[in-house]
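Produce the entire structure from the sequences given, and follow the hints as far as they go.
Everything in the sequence shown is counted per full-length UniProt numbering, starting at 1 for the first residue and increasing by one.
Careful, some of the hints might be misleading.
What the hints assert, rightly or not - Simulated pairs of lysine to aspartate or glutamate, DMTMM-like, Cα-Cα distance not exceeding 20 Å: (1) Lys92 - Glu55; (2) Lys29 - Glu48; (3) Lys133 - Asp144; (4) Lys88 - Asp124; (5) Lys92 - Asp144; (6) Lys88 - Glu134; (7) Lys18 - Glu122; (8) Lys18 - Glu55; (9) Lys133 - Glu101.
If you are wondering where the hints come from, they were derived from the structure by calculation, not from laboratory data.
Since we're looking at a predicted model, the values are computed, not measured.
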Amino acid sequence: MSIETSNCVAKQNGVGNKFPYFTKGVIVKGFGRGSKELGIPTANMCNEAVKSLPENFDPGVYYGWAKLSNSPTVYKMVMSVGWNPFYKNKTKSMEVHIIHEFGCDLYDLTLSVCVLGYSRPELDFNSLEDLIKEIRNDIQTASDNLDNEDAQQYATHPYFKHDSKCS
1 MSIETSNCVA KQNGVGNKFP YFTKGVIVKG FGRGSKELGI PTANMCNEAV
51 KSLPENFDPG VYYGWAKLSN SPTVYKMVMS VGWNPFYKNK TKSMEVHIIH
101 EFGCDLYDLT LSVCVLGYSR PELDFNSLED LIKEIRNDIQ TASDNLDNED
151 AQQYATHPYF KHDSKCS
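Below, the structure written as structure tokens:
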């Protein structure tokens with residue numbers, strides 16, 4: 001997949017989402033499955049951030065950059081948007097896995113996100129092991145896509161210079 005910087009639209013199976021897409025939100029407690037059950041911690045975005053997504057923002061897995069309000073560092077990220085079919089969630093969520101190991105909880109920090117591309121639609125899985133394997137593939141795909149020179153330029157985007165909480 002390549003990112004066309006001239007019109008900032010990611011090419012992938014006709015997905016109608018415009019990239020880059022910028023959003024931010026306060027990190028809230030989720031179900032605790034990411035860290036405990038999957039071994040892949042996620043930062044769950046506040047409901048306001050989820051509700052602010054455009055209607056044409058398809059459920060699925062995305063990749064891009066993320067920055068915490070307490071740090072100047074911008075990290076690679078992979079993000080799930082939707083209802084998590086494996087867990088049969090009733091509420092739409094936005095869960096960001098920052099591709100970095102943190103030694104603490106991130107609750108109540110503001111997470112700024114720059115979404116650059118779409119990886120795949122939401123899927124259901126036959127087993128927890130299949131889900132974990134696919135998430136690990138998503139992480140590798142995101143990391144590889146973000147190593148692209150066109151994607152790298154967004155890690156220093158002026159958007160990451162400003163932080164604020166969801167209103």
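TODO: Would you list, in rising numerical order, the hints stated earlier that this structure does not obey?
DONE: Violated: hint 5 alone.
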